[in-house]
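There are 2 protein chains.
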Amino acid sequence: MGATLHVCTTCKAGEPVPEGDVPPGARLHAALTAAELPEGVRIVGVECLSACNTGCAVSLSKPGAWAYVYGRLTLDDVSAILDGAGKYAASPDGIVPWRDRPTVFRKQSIARIPPLEAP
Amino acid sequence: MGATLHVCTTCKAGEPVPEGDVPPGARLHAALTAAELPEGVRIVGVECLSACNTGCAVSLSKPGAWAYVYGRLTLDDVSAILDGAGKYAASPDGIVPWRDRPTVFRKQSIARIPPLEAP
Chain Y
939 MGATLHVCTT CKAGEPVPEG DVPPGARLHA ALTAAELPEG VRIVGVECLS ACNTGCAVSL
999 SKPGAWAYVY GRLTLDDVSA ILDGAGKYAA SPDGIVPWRD RPTVFRKQSI ARIPPLEAP
Chain W
939 MGATLHVCTT CKAGEPVPEG DVPPGARLHA ALTAAELPEG VRIVGVECLS ACNTGCAVSL
999 SKPGAWAYVY GRLTLDDVSA ILDGAGKYAA SPDGIVPWRD RPTVFRKQSI ARIPPLEAP
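Chains Y and W are the protein sequences, given in the same order. All residue numbers for the first sequence refer to the working numbering, where the first residue is 939 and numbers rise by one. All residue numbers for the second sequence refer to the working numbering, where the first residue is 939 and numbers rise by one.
The hints are simulated quantities; they were obtained by calculation from the structure and are not laboratory data. Remember, predicted model here, so these are calculated numbers, not experimental data. For each residue, glycine too, the CB sits at the ideal point set by N, CA and C. There may be inaccurate statements among the hints.
Interface residues of chain Y toward chain W, partial, derived using beta-carbon atoms under 8 Å [to be verified]:
(1) T942
(2) H944
(3) T948
(4) R980
(5) I981
(6) V984
(7) S988
(8) A989
(9) A995
(10) P1001
(11) A1003
Some chain Y residues near chain W, calculated using beta-carbon distances under 10 Å [said to hold, decoys possible]:
(12) V982
(13) N991
(14) T992
(15) L998
(16) A1005
(17) I1048
(18) A1049
(19) P1053
(20) L1054
With a straight-line Cα cutoff of 30 Å, these simulated BS3-like cross-link-like pairs (lysine-lysine) come out [to be verified]:
(21) Y:K1045 x W:K950
(22) W:K1045 x Y:K1045
(23) W:K1045 x Y:K950
(24) W:K950 x W:K1025
Construct the entire structure; sequences and hints are all you get.
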């Protein structure tokens, strides 16, 4: 199994979203799915990553690896998110060397969760 | 496999930690491991959950379930954390009904990550 990029489709990015408007999270999800995906990455929309104070938010996870959550993302970050997701997918344990991570991943990490297999 | 409560042992809780002092995260880890654990919960210390802005932080995860990260925790929260961890362990999918969650879990969620098996 490759990496899953979960994208919160309900994120309001801290702004009021008028009724009928598409939330920023849904816009980010649409932009990501419209782009060319790196090898080994699938995108799955999800309603709420419980990171409402730091939206838009996405998570990266795969079996046996560290999982990451990133926040305060915008449409400007689409290519960086996919770049980072591709590197995450290619890494054995989810840990991409610091120097290889896109800036948005270096600076906007909300949290990471160790693999369940960790001692 | 039961639930794993990962506790960040390096969390400084936003305060300077003088050299030689035990970081707040390590104190929280020690207090949690010294308490009586709920059924199905194991505690694992981890160096950095990348939630440094919202420490002390812990995560809850188990196979096939949503994983959660909580932050801004103190030694006063030990019993609430263990109460919530026990309910998490007992839930089929990691989602504990809102009314049953300890207040600290309701108010101090940093993020959650869907199970990999989700569609």
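So, going through the hints one by one against the coordinates:
Checking T942 (chain Y) against chain W: minimum C-beta separation of about 6 Å stays under 8 Å; hint holds. The interface hint given for H944 (chain Y) holds, since its Cβ lies 5 Å from the closest Cβ of chain W, which is under the 8 Å cut-off. A cut of 8 Å between beta carbons decides the hint on T948 (chain Y): the least distance to chain W is about 13 Å, and the hint is violated. Hint status for R980 (chain Y) relative to chain W: violated, with the closest Cβ pair at about 11 Å, above 8 Å.
Of the supplied interface hints, the one on I981 (chain Y) is violated, with its beta-carbon coming no nearer than about 12 Å to a beta-carbon of chain W, more than 8 Å. At about 5 Å, the closest approach between the beta carbon of V984 (chain Y) and any beta carbon in chain W falls short of 8 Å, and the interface hint on this residue holds. Taking 8 Å as the C-beta contact cut-off toward chain W, the hint placing S988 (chain Y) at the interface holds, the least distance being around 4 Å. Because the smallest distance between the Cβ of A989 (chain Y) and any Cβ of chain W comes to about 4 Å, under 8 Å, the interface hint for this residue holds.
Proximity of A995 (chain Y) to chain W holds as hinted, the smallest CB-CB distance being about 7 Å (cut-off 8 Å). A distance limit of 8 Å between C-beta atoms decides the matter here; for P1001 (chain Y) the minimum to chain W is near 6 Å, and the interface restraint holds. Taking 8 Å as the C-beta contact cut-off toward chain W, the hint placing A1003 (chain Y) at the interface is violated, the least distance being around 10 Å. Contact between V982 (chain Y) and chain W, as hinted, is supported at the beta carbon level, the nearest pair being about 7 Å apart and thus within 10 Å.
A distance limit of 10 Å between C-beta atoms decides the matter here; for N991 (chain Y) the minimum to chain W is near 9 Å, and the interface restraint holds. Of the supplied interface hints, the one on T992 (chain Y) holds, with its beta-carbon coming within about 8 Å of a beta-carbon of chain W, less than 10 Å. Checking L998 (chain Y) against chain W: minimum C-beta separation of about 9 Å stays under 10 Å; hint holds. Taken as an interface hint, A1005 (chain Y) checks out: its beta carbon lies about 5 Å from the nearest beta carbon of chain W, inside 10 Å.
Interface restraint check: I1048 (chain Y) against chain W, minimum CB-CB distance 5 Å, threshold 10 Å, status holds. Satisfaction of the interface hint for A1049 (chain Y) is found here, the shortest Cβ-Cβ separation to chain W being roughly 4 Å, below the 10 Å cut-off. The beta carbon of P1053 (chain Y) is positioned within 10 Å of a beta carbon in chain W (closest approach about 9 Å), and the interface hint is therefore held. A cut of 10 Å between beta carbons decides the hint on L1054 (chain Y): the least distance to chain W is about 6 Å, and the hint holds.
In summary, the hint linking K1045 (chain Y) to K950 (chain W) is supported, as the alpha carbons are separated by about 18 Å, within the 30 Å threshold. Between the alpha carbons of K1045 (chain W) and K1045 (chain Y) the distance comes to roughly 24 Å, so the proposed pair stays at or under 30 Å and holds. For the proposed pair K1045 (chain W) and K950 (chain Y), the alpha carbon gap of about 18 Å is at most 30 Å, so the pair holds. A hinted pair counts as satisfied when its Cα atoms are at most 30 Å apart, and K950 (chain W) with K1025 (chain W) qualifies at roughly 27 Å.
Consistency with the previously given hints fails for numbers 3, 4, 5, 11, ordered from lowest to highest.
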